[in-house]
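Here's the letter readout for the chains.
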Amino acid sequence: MGDYPFRSENATAGDLGVTSRHAQGAGYGVPPSRYEEPPIGGGGALPKKSRFSMETGFRGVSTAAGTMVLVIIVAIAIFLISQAIPAIKADSENFLTYNRWSPNEAVPAFGIAVLALGTLLSSIIALLVAVPIALAIALFLTHYAPRRLATPLGFVIDLLAAVPSVVFGLWGRDLLQEPVRDFSVWLNHYFGWLPIFGGEGPFGQSIMLGGLVLSIMVLPIVTSLSREVFQQTPGMNEEAALALGATKWEMIRVAVLPYGKPGVIAAVMLGLGRALGETIALALTLGITWEISFNLIQTGGNSIAANIANSFNEANDTGRGALIASGLVLFAITLIVNMTARAIIYRRREFRDSAA
Amino acid sequence: MAKRIEASNVSSYYGSFKAIDNVSMTVEPKTITALIGPSGCGKSTFLRSINRMHEVLPNARIEGRLTIDDQNIYDADVDITAVRRMIGMVFQRPNPFPTMSIYENAVAGLKLNGVKKRSVLDDAAEKSLRSANLWDEVKDRLDRPGAGLSGGQQQRLCIARTIAVEPQVVLMDEPCSALDPISTLAIEDLMFKLKDSFTIIIVTHNMQQAARVSDKTGFFSIDKTGDPGRLIEYDYTQKIFSNPSQKKTEDYITGRFG
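For the protein sequence lines, the chains are L and S, in the order given. For the first sequence, the UniProt record's numbering gives the first residue as 1, with consecutive numbering after it. For the second sequence, the UniProt record's numbering gives the first residue as 1, with consecutive numbering after it.
Source of the hints: derived by calculation from the structure; they are not laboratory data. Where a beta carbon is used, it is the ideal one built from N, C-alpha and C, also for glycine. Hints may be right or wrong, so weigh each one.
[What the hints assert, rightly or not] Capping the alpha-carbon separation at 20 Å, the derived lysine to aspartate or glutamate pairs in DMTMM-like fashion look like this:
{"no.": "1", "chain 1": "S", "residue 1": "Lys111", "chain 2": "L", "residue 2": "Glu250"}
{"no.": "2", "chain 1": "S", "residue 1": "Lys18", "chain 2": "S", "residue 2": "Asp227"}
{"no.": "3", "chain 1": "S", "residue 1": "Lys30", "chain 2": "S", "residue 2": "Glu166"}
{"no.": "4", "chain 1": "S", "residue 1": "Lys117", "chain 2": "L", "residue 2": "Glu250"}
{"no.": "5", "chain 1": "L", "residue 1": "Lys248", "chain 2": "S", "residue 2": "Asp79"}
{"no.": "6", "chain 1": "S", "residue 1": "Lys111", "chain 2": "L", "residue 2": "Glu239"}
{"no.": "7", "chain 1": "L", "residue 1": "Lys248", "chain 2": "S", "residue 2": "Asp189"}
{"no.": "8", "chain 1": "S", "residue 1": "Lys127", "chain 2": "S", "residue 2": "Glu166"}
{"no.": "9", "chain 1": "S", "residue 1": "Lys127", "chain 2": "S", "residue 2": "Asp79"}
[What the hints assert, rightly or not] With beta-carbon atoms standing in for the labels, derived distance ranges:
{"no.": "10", "chain 1": "S", "residue 1": "Asn113", "chain 2": "L", "residue 2": "Met236", "range": "17 to 25 Å"}
{"no.": "11", "chain 1": "S", "residue 1": "Arg93", "chain 2": "L", "residue 2": "Tyr346", "range": "23 to 31 Å"}
{"no.": "12", "chain 1": "S", "residue 1": "Phe17", "chain 2": "L", "residue 2": "Ala150", "range": "17 to 25 Å"}
{"no.": "13", "chain 1": "S", "residue 1": "Gly15", "chain 2": "L", "residue 2": "Ala161", "range": "30 to 38 Å"}
Please work from the sequences and hints to get the whole structure.
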């Protein structure tokens, strides 16, 4: 017990606060008998708890940060609602079902129907195309590719996420439009009996084109999140499956995919969030019509965000209010989608929590 | 149900590193064989070589012959998944599938083999859980998560999962090292029961356990770190623990090792 450490940092512990401890540390090598204050861990009275410490400070900072999220989201909701309500009141048609957008007239008439439908359709197409490919890439990177290939390839995919959406929009409009038109003609010829592929044309600047461009934009985020999730599959579960006589694909089906499911759902929702909110790429690729139509290949389509970008410049007060109202609908759609995803993840939580 | 295993001149590698050198041993059907030895001596590597789990790791390979009833499992035309179905494995840490219920865990192997009929699966689940001495504890909550059981129950669930596909041989890689003494005892009792149907090989660090459960014991050792592990002595457990013929074995079992 007699050999106290000759370490000066510890010698002055007490109610001096963090910084002054180091400032007072001149007593290196002072024998125990000359200590004026007790060392940490015993001897004499216990040091007092400091009233203001890093602990309290950091706790305050992180609480404030957490609260700020709530404040911001409530502020956004209040802003949207307060701006939207006067415009919706001025609307001479039903805001939810009317299929024109003329809010700047003397008698404003506008409805969200076409925009909401176009937003949902193009996002659904984007996910239908992107998610299977993203999962396949993620599985390839985590379970099939040799490490020398997987690391740079993963990097390239992350790079894809950094491409600005206006670049994707221009690229889709100039390069993808031709092949999509040809493909649409083919679809129309063979599957024209399906309403979604019907119509007389013209084809090209369609929901299909917008959806495909969106899918490329959604791909990197879904891929890299799924890859993270698949990488976390416990090795011992993979071995358990293999030891039962599973092939590699069976092992993935039994151990990797179920384990990663909640994470994949979260990844898909983030991708959907990006697709729903995407503005400029759709403004550049969609044909912009005001038909309520489920047709995917005829020139046309519209979306909430693209419409805001296209119409904001010419909008008067009511017009801006109308656009903000459409933004509110987008906000609501995103919120519903996210809550649904949460609910799906939550339902299976006991199977996950116990896995840790 | 149970088959004889014969290893002749088996050497296993991780890349250029030789983990075990020239191991030969014969394991008789329906016996329990314990593999003991210090850490890093290659006993787990040898065990994993028996059901071709060794080669799951990148660059891992093996030389020599390993036969199950005279069929070399390392022949080029052998289906690896068939080998692993014939030779089941229980791991050191209980590893039930976290996303599956107790029932789904028990029949996971059967489902992998394409069994779909509910009645067959139900019977197999009950039979394997009974064989694993777990049925009475879980029969009322088969749809609960397998990972929600205690460690010992999880390990017995893993044993049930392994024996549900009716393998010939069951390999156990330190199955009790993460368990408390009571759960360990339950697993040991279970091993005696399973011995009637399966050939069992168990790797253990616990010498009392080896002495309690096994018919024969193999002692592995290495000269120094980086050297390959060797099978020093392989004999009846009673002889190994009372009158070993090798000095190294005696040093190890009396605790004078190293």
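To see whether the hints hold, each was checked on the structure:
1. Among the hinted pairs, S:Lys111 with L:Glu250 is consistent with the structure: their alpha-carbon atoms are about 10 Å apart, no more than 20 Å.
2. At most 20 Å may separate the alpha-carbon atoms for a hinted pair to count; S:Lys18 and S:Asp227 meet this at roughly 7 Å.
3. Annotation: proposed proximity of S:Lys30 to S:Glu166 holds, straight-line Cα distance about 14 Å (limit 20 Å).
4. This hinted pair checks out: S:Lys117 and L:Glu250 have alpha carbons roughly 19 Å apart, not beyond 20 Å.
5. Distance restraint check for L:Lys248 and S:Asp79: the Cα-Cα separation of roughly 13 Å lies within the 20 Å cut-off, and the hinted pair is therefore satisfied.
6. Between S:Lys111 and L:Glu239 the alpha-carbon distance is near 17 Å, which keeps this suggested pair within the 20 Å criterion.
7. At roughly 34 Å between alpha-carbon atoms, L:Lys248 and S:Asp189 are farther apart than 20 Å, so this suggested pair is violated.
8. Only pairs whose Cα atoms come within 20 Å are accepted, and S:Lys127 paired with S:Glu166 is accepted, the gap being roughly 11 Å.
9. The straight-line distance between the Cα atoms of S:Lys127 and S:Asp79 is roughly 27 Å, outside the 20 Å bound, and the hint therefore fails.
10. Taking 17 to 25 Å as the suggested C-beta distance range, the pair S:Asn113 and L:Met236 conforms, at roughly 21 Å.
11. The given range of 23 to 31 Å is respected by S:Arg93 and L:Tyr346, whose C-beta atoms sit roughly 28 Å from each other.
12. At roughly 24 Å, the beta-carbon separation of S:Phe17 and L:Ala150 lies within the given 17 to 25 Å, and the hint holds.
13. Between S:Gly15 and L:Ala161 the beta carbons are some 35 Å apart, a value that agrees with the proposed interval 30 to 38 Å.
Against the hints set out earlier in the document, violations occur for numbers 7, 9.
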